[in-house]
Amino acid sequence: MLPKEPLPLQNATNATRNSDIEDNSIKEKNTINRLFGFFGSVKLTVFILSFIAITSVLGTLIKQNAPAEEYLSTYSETIIRIIVLFKLYDIYHAPWFIGAVVVFAINLGVCTFTRFFRKKKGASFSLPDEKTLSNMELSFTLNKDLEGVLLPLIKKSFKKKIYDSDDGLIYEKNPFSKYGVPLIHISIIVILIGSLVGLIWGYKGFVVLHKGDIKEKFLLRGEGTKEMGLGFAIRCKDFNISYYPNGSPKDYVTTVEVIEKGRVILEKDIRVNNPLNYKGLHLYQSSYGVSPLFMFKIDGKEVNLKEHDEYETQGFIMIPIRFDASIHNFGPGVQVAYLDNNGEPKTAWFLRDIPKMKQRNLAGKTVMLEDIKEDLWTGLEVTYDPGVSIVWTGFALLLLGLYINFFVISGRVYIRRLPDALIVAGISIKHKERFRIAFEKIMRGLNGTDPS
Amino acid sequence: MELIHHKILGLATIIYVIILLLHFIYFAFKKEVIFKTIWWVIYINFILHTAGIIFRWIDSYRLDIGHAPLSNLYESLIFFSWCICLMIILMKKRLTYPIITMFSIIGALFFIAYASLSPGVDKGIQPLIPALQSNWLHIHVITCFISYAAFVISFICSILYFVRVDWSIMPDKDTLEEINYKSIMVGFPMLSAGILTGAVWAHYAWGSYWSWDPKETWSLITWIVYALLLHARFVKGWRGNRLALISIIGFFSVMFTYFGVNFLLSGLHSYAV
Ligand code: HEM
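As given, the protein sequences belong to chains F and C, one line each in that order.
Using our numbering, the first residue of the first sequence is number 1, and each one after it goes up by one.
Using our numbering, the first residue of the second sequence is number 1, and each one after it goes up by one.
Take these hints with a grain of salt, some might be off.
As the list claims (entries may be wrong) - In silico BS3-like cross-links for lysine-lysine, where the CA-CA straight-line distance does not exceed 30 Å:
hint, chain 1, residue 1, chain 2, residue 2
1, C, Lys236, F, Lys432
2, F, Lys430, C, Lys173
3, F, Lys178, C, Lys30
4, C, Lys215, F, Lys87
5, C, Lys92, F, Lys178
6, C, Lys30, F, Lys131
7, C, Lys215, F, Lys250
8, C, Lys236, F, Lys441
9, C, Lys215, F, Lys204
10, C, Lys36, F, Lys156
11, F, Lys430, C, Lys93
12, F, Lys131, C, Lys173
13, C, Lys215, F, Lys43
14, F, Lys178, C, Lys173
15, F, Lys43, C, Lys236
16, C, Lys93, F, Lys178
17, C, Lys93, F, Lys156
18, F, Lys131, F, Lys156
19, F, Lys432, C, Lys30
20, C, Lys215, F, Lys63
21, C, Lys36, F, Lys432
22, F, Lys432, C, Lys215
To be verified - Stretch-level coverage of chain F by chain C, calculated; a stretch enters the list once three of its residues show a Cβ under 8 Å from a Cβ in chain C:
hint, segment
23, 39-48
24, 264-277
25, 282-294
26, 397-409
27, 424-436
These are calculated hints, taken from the structure and not from any lab test.
Even for Gly, the Cβ is constructed at its ideal location relative to N, Cα and C.
Using the sequences and the accompanying hints, generate a full structural model.
Next comes the structure, spelled out in structure tokens:
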């Protein structure tokens, strides 16, 4: 079972090539087989896996997806050119990296197919000769008449008979253990397919909610200001942060209501490690922050504005454009943009704690900054990934395959009938120690009856 | 604050030193009795080490921030050391060579001593930050560290493989290879399980099962190295030096995943383990 030629197919075609007929279909077959040979070779596996591993290292050394200035300040011009050319600032999404993964997937697929499925057609078992058997680490000879005692003992733990002829028998322990390896390989393909599905059809985004906000859309990640509909509405009922006595955060909880057609469908506390799953979307607690809420009185009327909110009344327009938590120790203030009587854009600062700077006359309106409140917001990450269940399936298969391959004892027992005796030998490639125990159990079972 | 578990773990550290000394005594006198004694002391110390971890767990509840002690560098080092001790006990039948148990004990001693002696390691019990409050944390950390411990044994065998002195205490090369392969047979599936549970956890905590953060990437690299080793052995029939070399590379990758990433690179995992 040890070093195997990875290309059993090519040997077969070499034989047909001797034929005199110049047949195109044979030529075509050759190309296909050669392609199969190339993509099914373990050399390619070693090469491509090493390539993926080494380039992955690169991705941890060069900071990924950092702002441009960071690269400019760290690297020289030539290196930056290389970084841009090969997309080294986002290696794992660079076309050549994805290409390598695709080649790997094909390699894995072809390999699994040729080795584990094609091979089985003509599989035949042959009984090794006497000398090979007696040279095996686990072997003994037995009085010929004891076959009737031996076989039931073997059958107890080696249930499957895979060869039965005049010259002897072969029993196999846990024959399904040979499916461990193809299962491992297939599961990796399944995982790759799942992640591809996610890459193609999935998306990610972000939604910011203040207490009381209702939102039906979220901001798509990496696409500027493009928004996308959730397919339902969420209302932020509450957002709370709790702390441990030492001041480190204990819990972030956003209480949301899912609303469809004006009706509240469900209520849920979204926490870190406890997302909301609804209609295939997952909403995760991802960040929070404080944004100021400016409480103005404009000509005696109360107006609450957030940063960049536009307020308009009777041709008067004003927008709070900049918040500063502390202006030269004068306390918090906000800069407001407005249009003066001539339609010219102007700005003005309001400081909450300085009476003189609390109230101003802007374009004929009396504007007063009554207070600045801290308004907590919660940031939820929104993801849709139809590939996740495929990936999970792959994970489960991988673990099952690993278990079968590494922890299920496999091995064979050979019984060869000699003219005057039986020679019994056992071999296991992967589980020598535990197989020996099973084998010795058979010997011990015989000891009671057999003096030899 | 000096808590009882610090005392227990301190004692366990001292006993690891004693086990090491017992090995020296064994090499001097080569008496079977001494080797038997070594195993008994290993068993006793394993119980002590376990008790230390359990007491830390209990202490954390006394401080009203109860959580399994698997959440910061100190706790992970203590647990890593414990896993190495567990691994020698599990592989006892195979580890009939005191030279291997000795180096394994040196490994366990190194990590437990590093945890308690290094000024850079905070020994206090910290409350769990929200991202770590998940049952996946436990299964993830346990599988990862069991695999790391198995790779420690594999590493030791690979290094010994290159030692060319004709000492009676040196196991023969076939034995080293066999133990090396056996420990990778435990390490590889465990590492796989560790990566997969980590991915499931990341899905629940960060909304994405794989984000190419340096720790994830390095664990994948480690995984690939050991996959290459298995294929070199099984498909190409490689044995001996070349295989031992891949195993050594794999172990460096493990250590970089564990330490290097924390100290040299930054990412999602940098807060803790
Ligand atoms: C990261 C990807 C891969 C992983 C994790 C993986 C995993 C494994 C494992 C765990 C084994 C069993 C080894 C043992 O029992 O010691 C194995 C065997 C094998 N793998 Fe892979 N494999 C991968 C990729 C590939 C690829 C791409 C090929 C195709 C050339 C391949 C071909 C084989 C073959 C031929 C065997 C030997 C089966 C035998 O002789 O029993 N593997 N693989």
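Evaluation of the provided hints:
{"no.": "1", "hint": "C/Lys236 to F/Lys432", "result": "20 Å, holds"}
{"no.": "2", "hint": "F/Lys430 to C/Lys173", "result": "18 Å, holds"}
{"no.": "3", "hint": "F/Lys178 to C/Lys30", "result": "44 Å, violated"}
{"no.": "4", "hint": "C/Lys215 to F/Lys87", "result": "21 Å, holds"}
{"no.": "5", "hint": "C/Lys92 to F/Lys178", "result": "28 Å, holds"}
{"no.": "6", "hint": "C/Lys30 to F/Lys131", "result": "40 Å, violated"}
{"no.": "7", "hint": "C/Lys215 to F/Lys250", "result": "24 Å, holds"}
{"no.": "8", "hint": "C/Lys236 to F/Lys441", "result": "33 Å, violated"}
{"no.": "9", "hint": "C/Lys215 to F/Lys204", "result": "22 Å, holds"}
{"no.": "10", "hint": "C/Lys36 to F/Lys156", "result": "36 Å, violated"}
{"no.": "11", "hint": "F/Lys430 to C/Lys93", "result": "17 Å, holds"}
{"no.": "12", "hint": "F/Lys131 to C/Lys173", "result": "26 Å, holds"}
{"no.": "13", "hint": "C/Lys215 to F/Lys43", "result": "28 Å, holds"}
{"no.": "14", "hint": "F/Lys178 to C/Lys173", "result": "28 Å, holds"}
{"no.": "15", "hint": "F/Lys43 to C/Lys236", "result": "9 Å, holds"}
{"no.": "16", "hint": "C/Lys93 to F/Lys178", "result": "26 Å, holds"}
{"no.": "17", "hint": "C/Lys93 to F/Lys156", "result": "26 Å, holds"}
{"no.": "18", "hint": "F/Lys131 to F/Lys156", "result": "27 Å, holds"}
{"no.": "19", "hint": "F/Lys432 to C/Lys30", "result": "29 Å, holds"}
{"no.": "20", "hint": "C/Lys215 to F/Lys63", "result": "13 Å, holds"}
{"no.": "21", "hint": "C/Lys36 to F/Lys432", "result": "25 Å, holds"}
{"no.": "22", "hint": "F/Lys432 to C/Lys215", "result": "35 Å, violated"}
{"no.": "23", "hint": "39-48", "result": "holds (count 3)"}
{"no.": "24", "hint": "264-277", "result": "holds (count 5)"}
{"no.": "25", "hint": "282-294", "result": "holds (count 4)"}
{"no.": "26", "hint": "397-409", "result": "holds (count 6)"}
{"no.": "27", "hint": "424-436", "result": "holds (count 3)"}
Comparing the model with each earlier hint shows violations of hints 3, 6, 8, 10, 22; every other hint is respected.
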